[in-house]
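**Student:** Residues per chain are reported as follows:
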Amino acid sequence: MSTIDPDTIDRGILAALQGDLDDSPEPYARIATELGISEDEVIRRIRRLMDAGIIRRIGAMIRHFEAGIGFNAMVVWKVGPDRIEEVGALFAGLPEVTHCYERPPFGEKGGTLFTMVHATTDAACMEIVRQMARRAAIDEYEILFSQRELKKISMTYFDNEDQQDDWVQDEPEQNPNNPSEGRAK
Amino acid sequence: MDERNKALLNEIQAGFPVEPHPYRVIGDRIGMDEREVLARIRLLRKEGIIRRFGASLDSRRLGYVSTLLAAKVPPQKFDAFVETVGACPGVTHNYERRHEYNVWFTLIAPSLAEKKRIVEELIRQTGVDILELPAKRIFKIRVDFRF
Numbered sequence: 429m430s431t432i433d434p435d436t437i438d439r440g441i442l443a444a445l446q447g448d449l450d451d452s453p454e455p456y457a458r459i460a461t462e463l464g465i466s467e468d469e470v471i472r473r474i475r476r477l478m479d480a481g482i483i484r485r486i487g488a489m490i491r492h493f494e495a496g497i498g499f500n501a502m503v504v505w506k507v508g509p510d511r512i513e514e515v516g517a518l519f520a521g522l523p524e525v526t527h528c529y530e531r532p533p534f535g536e537k538g539g540t541l542f543t544m545v546h547a548t549t550d551a552a553c554m555e556i557v558r559q560m561a562r563r564a565a566i567d568e569y570e571i572l573f574s575q576r577e578l579k580k581i582s583m584t585y586f587d588n589e590d591q592q593d594d595w596v597q598d599e600p601e602q603n604p605n606n607p608s609e610g611r612a613k
Numbered sequence: 025m026d027e028r029n030k031a032l033l034n035e036i037q038a039g040f041p042v043e044p045h046p047y048r049v050i051g052d053r054i055g056m057d058e059r060e061v062l063a064r065i066r067l068l069r070k071e072g073i074i075r076r077f078g079a080s081l082d083s084r085r086l087g088y089v090s091t092l093l094a095a096k097v098p099p100q101k102f103d104a105f106v107e108t109v110g111a112c113p114g115v116t117h118n119y120e121r122r123h124e125y126n127v128w129f130t131l132i133a134p135s136l137a138e139k140k141r142i143v144e145e146l147i148r149q150t151g152v153d154i155l156e157l158p159a160k161r162i163f164k165i166r167v168d169f170r171f
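So the protein sequences, as listed, match chains A and B. Numbers 429 to 613, taken from this note's numbering, label the letters of the first sequence in order. Numbers 25 to 171, taken from this note's numbering, label the letters of the second sequence in order.
Please keep in mind that the hints were generated in silico from the structure rather than gathered at the bench. Certain hints may be false.
No more than 27 angstroms apart at the CA atoms, straight line, and that leaves these computed lysine-lysine pairs for DSS-like [stated by the list, open to error]:
{"id": "1", "chain 1": "B", "residue 1": "K160", "chain 2": "A", "residue 2": "K506"}
{"id": "2", "chain 1": "B", "residue 1": "K30", "chain 2": "A", "residue 2": "K537"}
{"id": "3", "chain 1": "A", "residue 1": "K580", "chain 2": "B", "residue 2": "K70"}
{"id": "4", "chain 1": "B", "residue 1": "K70", "chain 2": "A", "residue 2": "K537"}
{"id": "5", "chain 1": "A", "residue 1": "K580", "chain 2": "B", "residue 2": "K96"}
{"id": "6", "chain 1": "B", "residue 1": "K70", "chain 2": "B", "residue 2": "K96"}
{"id": "7", "chain 1": "B", "residue 1": "K30", "chain 2": "B", "residue 2": "K70"}
{"id": "8", "chain 1": "A", "residue 1": "K579", "chain 2": "B", "residue 2": "K96"}
{"id": "9", "chain 1": "B", "residue 1": "K160", "chain 2": "B", "residue 2": "K96"}
{"id": "10", "chain 1": "B", "residue 1": "K164", "chain 2": "A", "residue 2": "K506"}
Taking the hints into account, I'd like the entire structure generated from these sequences.
**Tutor:** In structure tokens, the structure reads:
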């Protein structure tokens, strides 16, 4: 994977692609027109940004609650450091597992391997989790079912530093008598 | 959802062609013409099944940092907490979960210092402690769903 430093034109392309692709038959030509470059150059640069891993993928982002696969469970597995690599790779290989990370110990069990499992019902999620436990021979895990999706958006890059400053300044102080006693670890 | 939409959704979540007529290429793969592909995508967007059609960028390669945060939010503070967290532009996902830690959300920020500032600000504004669980190792991020 090559590393590149996106220039102004690349940033223009990324800014266009982080929104919605035009739904005309030639969406890249549309971006080219906006940026005043050729379609060939847009395509060449997008491929380069993909090779560099800056663009992870291009395609449809699904709102899975609406698509009928709304149930997801976060499962936190207690896996010893000696097995984390092996079990992480095993779970990552399963199609029902969309995300798999090692994180700091969580909860009473102190699990460190976090997986997201998607299915059409809670029962189906449970069954997948049981199979995962069996395959990995792990009996200590905790399931956190989703109850409600409260927010889901795509990140806006490049111009959000200003937005975040605005956000902090614009918010009224809600708890003036309760300064941050808790501290994020 | 009909079979043709399922076939289409399976085809367009990743590996969308980077060439002049991408919708025609997709159509060739699943036996639809370009016009039908575009019409179905427009409808899926309208119905809200497709949230966005574009690129997913790697926040780390753009120099951003991301983290997972969790909180035990008591019922009387729940709505205010969700509102404050939801208003933060770097918060991309937020779920209520059936657990003592009942709110889980992801945050993307332009730097470590900025991330720390945002988390502290959220704690200050909501009066709720927030647990941070940043990834130490990534085994998989896959965002396409099979139909």
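**Student:** Sort out which numbered hints this structure fails and list those numbers smallest first.
**Tutor:** 2, 4, 6
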